[in-house]
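Undergrad: Line by line, the protein sequences give chains A and B. For what it's worth, our numbering labels the leading residue of the first sequence as 1, then goes sequentially. For what it's worth, our numbering labels the leading residue of the second sequence as 1, then goes sequentially.
Think of the hints as simulated: they come from the structure by calculation, not from any bench. Do not take every clue at face value.
What the hints assert, rightly or not - Derived lysine-lysine pairs resembling BS3-like cross-links, with alpha carbons at most 30 Å apart:
id, chain 1, residue 1, chain 2, residue 2
1, A, 14, B, 9
2, B, 9, A, 119
3, A, 221, A, 180
4, A, 273, B, 167
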Amino acid sequence: MISVQHLVKRYGWKVAVDDLSFEVDKGEVVGFLGPNGAGKSTTLRVIAGFLGATSGTVKVAGHDIAKESFEARQKLGYMPEAVPLYPEMRVVEYLSFRAELKRVPRGDRKRAVWDAMGKANVRDVANVVIGHLSKGYRQRVGLADALVGSPPLLVLDEPTAGLDPNQIREVREVIQELGKEHTVLLSTHILSEVEASCSRVVVIAGGKLVAEGSMDEIAKKRRSAGLHMVVRGNLDAALAALRGIEGITKATRDHAARTDGEDVFAVRCSWSKKLDEAAAARATEAAIGALVGAGLFVREASPVKSSLEELFGELTGARAEDASGEAEPDDAEAAS
Amino acid sequence: MRSFWPIYKRELFAFFVTPLAWVLITVFLLVQGMHFFLLVDHFSTAGQQISDQTPLQAFFGNTVLLYLVLFLLVPPMTMRLFAEERRSGTIESLMTAPVSSLGVVLAKYAAVLTTYVAMWAPTVLYLVILRQTGDIDWNVAASAYLGVLLVGGGYLSIGMLMSAITKSQFLALVLTAMLILALFILGVGEFVTRDGTVMHDICSHVSVWAHMNDFASGVVDSRRLVFYGSLIVLPFFVTVRAVDAWRWG
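Only chain B is shown next, with the shape it has when bound in the complex:
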């Protein structure tokens, strides 16, 4: 595990030294800022009709914008994790140093998760702005951010696995985007299948849309925690196995 720190630091360095990182962060914050502005504008003019919702809830749930942002953000963040090292061959010097596969995967995942958290961090300012004109339920805010962390964590884990199974960054990008989209569409199935059928149960269980609505209204359901726990841990350990498997390729 002592290999964790150097690799973690290098991953962060490698990400933030590229223009891609700053483009992603800028676009992310621009979109989120617009999103926030439109919501606040909407609530200030039409606040009476939609009294069962708050801007906070709408910011994290009930709109497609959050998923759109994740869909565009996660694949380019994870695509280079392993694919780039395998294409350029640096994986060879990395794995011949005294490091463990688990340490390498953990360090890379932690680095990309840190980046993800850092991207979301400025959005806390929106809460501070909302605080100027009304009350904020900080428990709900915490629950919403937990949701963002869990959904993002799951997506990033999937993205890392895709990066580990191909040498092409582009293929990793496309595969990750497709899987994230597939998961979302499967969740939407909740609204098109009939109540009571098995399909409906499955769809509602994996529905990111419904989960985020729950988290955004302050509902932390243990089923959701287990679901996202698995969504993070499963691809993570398959990645560790994939890294081990290269030795036999």
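Bound conformation, chain A alone:
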């Protein structure tokens, strides 16, 4: 449905999107994830035909957005990030205007507007002036705008930005419902958003692709971040034994975990960042061995997986480090 090939977008000297390629297939709900300033909105604007690509091709439903812009734009409902609406118009007037603009035939227009208002759940404010609507309603009117004429593809830029938790849930429910009939590409910087509504996720940072796949595939990239243990015996002896082990950077008492008995306590160890899965497993063995060797009793030992948020931070943060790392040799060359 969407095919982005080697997309580059520069603003003057600043590179906003750098050689980005990904696909969205028919019927998918794809989350487009990245921190603020990663180039999400720019990419979506290029897909929607608002901005021109510096190089690379973007195809929407088989139509090149640069060469067959009209056909592509007709297949696509786009909701910009700020949800710009004309404040002086009533909801139904605005949506009728949009339907006419999107070339919905005259006879079908009323029905198209009514359907879109139904799907976005804004029928109760049909005759309210847009300027008087709350943020949550405006967001949904923007959604209805994207839906008018029922385009096969929806591109939504941060559909839940600035909403309160109840409104976020409402919009999510609407999006999940839409996913049954439309192909959806939605951007967000909130991970739980993607977990809740997307079948696949594309993660970008610094204008580059850093990860792509189903939510499960992404979750597999989570590495073990440390070790949680419940130990009986002397606390200081246990911490001293653990601190001597290679790969453990920090060992502290976990006050949050509830334990029974006075000499029973929970300990949390953190692995150093460089540790891979195999090394972490060896460090786990060594930790248990050290505690037993120090005359303590280990009741529980479980790996602590990094949260999805931490994974997201690693994926997108690592990219930034790469970028700065690459910059240095270039400077050196320039100097020589």
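Fit chain B to the known structure of chain A by using the hints.
TA: Just chain B now, with coordinates in the frame of chain A:
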């Protein structure tokens, strides 16, 4: 071009739904009414001395009032055309609909020109009033209104371009007003430069003052038509290019 109608209708709606439109129209008609009243009063008391002129001629030419009105009227009419859409971001939803830049610009220009014509329409009543007491040369009246349409059309086109090159309505207003004033002052140069110099020729060619005097006396000169044709078409197409250029910003 199918995007023309919805945008045209929306522009008219957006203009007339704001208080600004009604304030502008009211002030415009008040000033024109006063203008007309003073002229008729003047001609009825001092008609003998100025027999080479008619109230109609004086209404459309020979006084500074017409330009003053246009100077105050046009910038606030055109300032929001594109600047407002760019500031509020609605330009993004507008341009991602299946529309062409030419269609958008044409629709906006047609809407503001329609408004302009609608503002002038009630002044036809003055002619009907004059008709009560004397004869009216309808050819001259038509020529005068053609002049009003051409001068206004040119100014509106300049105003639209200014609105397209800035996100600030206020800046668009100021730039438009300055350009209209500059054009007028350049025209006045006709009277201060020496006859026969290049400067004099240029000034007389762009002199809105002289043009309107011609139109008001029923002279439709093809040079004037070409001049105002360019004054409308040139900013118009630069606006279309400017709208295209945003995609690369």
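Undergrad: Would the pair residue 9(B) and residue 119(A) pass a check requiring their Cα atoms to be no farther apart than 30 Å?
TA: holds, 27 Å
Undergrad: Does residue 9(B) lie within 30 Å of residue 14(A) when you go C-alpha to C-alpha?
TA: The given pair, whose Cα atoms are some 39 Å apart, is violated under the 30 Å limit.
Undergrad: CA of residue 221(A) to CA of residue 180(A), is that 30 Å or under?
TA: holds, 28 Å
Undergrad: Is the straight-line distance between the alpha-carbon of residue 273(A) and that of residue 167(B) 30 Å or less?
TA: violated, 48 Å
Hints 1, 4, counting from the list given before, are not met by this structure.
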